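> Protein sequences, first through last, are from chains A and B. Going by this note's numbering, 138 is the number at position 138 of the first sequence; the sequence numbering is gapless. Going by this note's numbering, 108 is the number at position 108 of the second sequence; the sequence numbering is gapless.
Straight-line distance between alpha carbons at most 30 Å, and here's what the computed BS3-like set of lysine-lysine pairs gives:
id, chain 1, residue 1, chain 2, residue 2
1, B, Lys93, B, Lys122
2, B, Lys64, A, Lys38
3, A, Lys97, B, Lys32
4, A, Lys70, B, Lys32
5, A, Lys13, A, Lys70
6, B, Lys77, A, Lys38
7, A, Lys38, B, Lys32
8, B, Lys77, B, Lys93
9, B, Lys32, A, Lys13
10, A, Lys38, B, Lys122
Derived, one-sided and incomplete: chain B residues facing chain A with beta-carbon distance under 7 Å:
id, residue
11, Asn11
12, Ala12
13, Ala13
14, Lys32
15, Asn35
16, His39
17, His41
18, Asn42
19, Val85
20, Glu86
Calculated directly from the structure, the hints in this document are not laboratory data. These figures come from a predicted structure and were not determined experimentally. Every residue, glycine too, gets a C-beta built ideally from N, C-alpha and C.
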Amino acid sequence: MKQVNQKVAVFRKEHFNAAHRIFNPAWDDRKNAEVFGKCSNPHYHGHNYELIVKVVGVPDPETGYVIDMKLLSRITAEEVLERFDHRNLNLDTEFFKDFNPTAEHIAVVIYDLLRARIDPALELQVRLYETERNFVEYPA
Amino acid sequence: MVYLTRVEHFNAAHKLYNPQWSREKNDAVFGKCANENWHGHNYDLYVTIKGEPDHETGFLFDAKRLSAIIRDTVIEKLDHRNLNVEVDFLQGKMCSTENLAIGIWDQLQPHLPEGVRLHGIKLYETPRIFVEYFGEKKGG
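If we strip away everything but chain A, and leave its shape as in the complex, we get (with noise of 0.2 Å):
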């Protein structure tokens, strides 16, 4: 079988929606306010969230496969859309309670997460849309 012996990167998109409220718990209401502005609102927004985790490596030569797709699909699902899917990131979960849900953090957590389950020659990024228009990448 012929093979390929340099890098590629391979893509998998995901969706989940949450409600968030950036607050630091060390501010009062009004620095909170001053600093976050509505995103600080006590009663909580929320968001569609679009996530593409990225996965970098040398193809296998039997299969072809940087990573199987599916089982990459199922390590998001497991890892990612259980816990936040439809949840208040503030207050359903447990990575929030003393770190503010920001893109930047929640982007930290879910490479925290796959990276755990993703085999560890692999490259691993995440990038986290919060808006069409606002997203982060980690690591950066």
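Chain A is fixed; fit chain B onto it per the hints.
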């Protein structure tokens, strides 16, 4: 007759929960959308008006003025809010995308000048779920 559409966005938290029903029945009917701690969306709102272009300006209606009316009467009330808790025109109603579209129509309608008619509200809750409302009342 021409049609003019203005697109606006807002982000909000909500839940689908009928207080007349038990927790179990809400979970059975609305599933994860009934999460008591809310979830959220990036909503995309398409407002379409219709009429004849003015012979002096060539405009059906100044799109910037239409945008300002939508912002003042709708977006200000909805953006970064909790739809169930904070929105006056949804009080006592189920916060479905259907009811939200009807509510938006009712908010906008009185603010449009003579000669400009509201044609339709198209409201996206996610990129794959949207509703349309054309002002038709039951039996009408």
